[in-house]
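Asks: Here are the chains, one letter per residue:
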Amino acid sequence: DQQVKQNSPSLSVQEGRISILNCDYTNSMFDYFLWYKKYPAEGPTFLISISSIKDKNEDGRFTVFLNKSAKHLSLHIVPSQPGDSAVYFCAASSSRNNNDMRFGAGTRLTVKP
Amino acid sequence: NAGVTQTPKFRVLKTGQSMTLLCAQDMNHEYMYWYRQDPGMGLRLIHYSVGEGTTAKGEVPDGYNVSRLKKQNFLLGLESAAPSQTSVYFCASTPATGYTEAFFGQGTRLTVV
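First to last, the protein sequences are chains A and B. Each residue of the first sequence is one higher than the one before, starting from 29 at the first, in this note's numbering. Each residue of the second sequence is one higher than the one before, starting from 13 at the first, in this note's numbering.
Check the hints yourself; a few may be wrong.
Unchecked claim - Below, a list of computed lysine to aspartate or glutamate pairs in the EDC-like style, where the Cα atoms sit at most 16 Å apart: (1) Lys21/B with Glu70/A; (2) Lys26/B with Glu113/B; (3) Lys33/A with Asp50/B; (4) Lys82/B with Glu42/B; (5) Lys84/A with Asp59/A; (6) Lys82/B with Glu64/B; (7) Lys69/B with Asp128/A; (8) Lys99/A with Asp59/A; (9) Lys82/B with Asp38/B.
As the list claims (entries may be wrong) - One side only, chain A facing chain B, incomplete, derived with CB under 7 Å: (10) Asp29; (11) Asp59; (12) Pro68; (13) Gly71; (14) Pro72; (15) Phe74; (16) Asn127; (17) Phe131; (18) Ala133; (19) Gly134.
Since the hints were made in silico from the structure, they are not lab data. Note that the coordinates shown come from a computational prediction; the quantities given were computed from them, not determined experimentally. Note that the Cβ used here is the ideal one computed from N, Cα and C, for glycine as well.
Excised from the complex, chain B in its bound form (with noise of 0.2 Å):
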């Protein structure tokens, strides 16, 4: 049972540069979500999806763009990478709305130097 993944696992990019994460779910869960996991913050929702097709801004979206063109699919892009977005990046998939558990993947750690 694969769940939720996440490519790659760890990343180091240089200020500027642009990369996306992949978060592949095989439960036909419907949601899907990527957060940002900082020291002493917790997680934080960057965006979400309801549905192929569909995205929406969550509570820390600035410098993120985010795909889904795919039910299984949920990309998150950084298109000018900051020191601001190190960070281990997790995303998440419900089978509905947010009143289920969530499933995570097992993160992406991302350095921008």
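The shape of chain A in the complex, shown without the other chains (with noise of 0.2 Å):
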């Protein structure tokens, strides 16, 4: 089962305009997420994260929101650039087994210029 999941499998922008990313979670155990962004022919590279204890964290262009009771986080990037076009994953873990890291099926983001 999966258990992060981003119902998104595309989404296009507008250079300039904002990106919002989805994700849903069913584990409750969860309480650490974190955004990759993964270019074609190469790894995943660590985009942003944030703790449960927290509801919004931000970094320059990008900011993550987690809505614990609606078990929902979300990854915004304002202004959205052509070479953030990549395909971004949603990922969470839980403090019981934090080794056991769950991805979700990623976001195709296409920022077109």
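Two chains, two frames, some hints: make the complex.
Replies: This is the structure in structure tokens:
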């Protein structure tokens, strides 16, 4: 069963606009969440993370929001740039077994110039 | 900075053949992981290691074996390859337990025919 779900396989936005990528999880034991970015023929690279004790974490153009009651998190990219075009994976882990990180299926973001 | 290096990058196997995927990291990380990525499934954890000489099963361990004889290397073995093992394999490492970003290798694309 997929405990982390990214229901949008793809997203297309115009350069300069906001990109919002969504992620839902089912396991209430998850208490740490990460976003990874992946370019073709490369491994994923870490982008931003958030602990369950927070509801927002910001790093430059990237902000992650966590809604624990809805078991939902989102990644906002503002403003979007063509170089942001990549696949974005949401990941989650639990302090009970924080080596077992669960990933979503990914969302392919395309930022059009 | 090499980071995490996977060997080989591509491989085609016949059903029943065996092979070993090598992962090497030069960051002195304690924890290492093997994932597989399949379309629509995201990354799934196969096996992981919390230190030299230790290994543990992840979400999808069947058909794979691993060894961590040296801290910097983590080997993934397929004793008798099956078409269901056609996938892209990623190795990752973290300096400590899962509450830190993981560093990924560039991936190995394996096709079993």
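Asks: Run the structure past the numbered hints and jot down the numbers of the failing ones, going up.
Replies: Violated: hints 2, 10, 11 and 12.
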